[in-house]
Amino acid sequence: MNVTISVGGRFHAFYLADQLHKRGHLRRLITSYPKFETVKYGIPRSNIKSILSHEILSRSFWKAPLWLQGCYNPQFFLSDRFDRLAARHIPKDTNIFVGWSSMALHSLRQAKRHGAITVVERGSTHILYQTQILQEEYEKHSLPVRVAHPRIVEKELEEYEEADFISVPSLYVKRTFLQRSILESKLIHVPYGVDLSGFRPVPKEDDVFRLICSGGISLRKGVNYLLQAFHDLNLPNTELWLVGSINDEIRPFLGRYRNGKVVIKGHQPQSRLHWFYSQGSVFCLASVEEGLAMVIPQAMACGLPVICTTNTGGEDIARNGQDGFIVPIKDVDAIKEKILYLYEHPQEREAMGQSARQRVEKGFSWDDYGNRITEKYSRIGVDQEVRP
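Going by the working numbering, 324 is the number at position 324 of the sequence shown; the sequence numbering is gapless.
What the hints contain is simulated information worked out from the structure, not anything from laboratory work.
Label pairs and their calculated CB-CB ranges:
1) E337 - N237: 16 to 26 Å
2) G255 - P150: 31 to 41 Å
3) L233 - Q270: 29 to 39 Å
4) A351 - P74: 48 to 58 Å
Derived lysine-lysine pairs resembling DSBU-like cross-links, with alpha carbons at most 30 Å apart:
5) K22 - K40
6) K49 - K22
7) K330 - K265
8) K330 - K261
9) K92 - K49
10) K362 - K22
11) K265 - K140
12) K376 - K40
13) K376 - K186
14) K112 - K22
15) K265 - K40
16) K376 - K22
17) K35 - K92
18) K112 - K35
19) K92 - K376
Keep in mind it's a predicted model, so treat the numbers as computed, not measured. Beta carbons are placed, not taken as given, at the ideal position from N, Cα and C, and that holds for glycine.
Sequences are here, hints too, so could you generate the full structure?
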């Protein structure tokens, strides 16, 4: 089985490539990242094709003046350009081609010409579901709507139609595809994993009851609901750490709810995240929409119980009432209730944190992910061999 992967700079794709390489199945990884960065994930240079111009163009644009960014949205142009270039580098002996959604239509077609089985990897919900729920959220708060470019939506729908399979990371995402009449037999469902060597508990350095929220600090991540819940509770000896880059759209909510107990830690390197998690008491993620938030198994690996919404994909990993709590989206009262419970019950909180750590250790490492996804690919490869 020879698998070729085409992706921009998604870290999860590098773990996937590493897992396939370990099992002797990686034919090529096509990425926008330079080889010296990609080899850090254990992938040999000989298996990597770097389209570095895509990364340079993308980063240059987002560093341009805001007035220029407001004049032109390059999202479709950049993704389509990468797709067309990647299509030129798919080896003819590829058996299975995996392309990231919105960046794979031309590559899918080229892979099919080589006789390969094609898989679209979709890390978030169905593009129509995602567009609708995010548009509603921005309009609810009278903020400029930030959703996928219309041509991106159109292209993704074509990818869903033309690919042999669609790979999704959570039951939540799977349901959004089933609701859009995608056949269950077309969906590959495998939850992501966590690097247990990099995410591990270290001693907490104080006795503050601390909530940790990491990732993009944005409306999509529901940070506004978490801020309100924390503000309303106003519990003694507590802090809320926001670890990640601050999106401008969330600044009005920071102004409304921020006090001395809300601490902005900003973007942190991956290698330091385990320390930030370990200084927490509970991990909270109130996302309105995403596929499977990789920060959830990361926090669990560091011994934190989690409070997350149904729309984080967390139900695939965190067991409600055992490793933490899963709450409805946009429900401030539900978030407050679970925070208060864990604040008032330290023994139960400790037990949930230990359970969370054991949960990911016993089934959600990247090796576990590699075993599951390789088995799925092997099955569809067998199906290919028996085709007439």
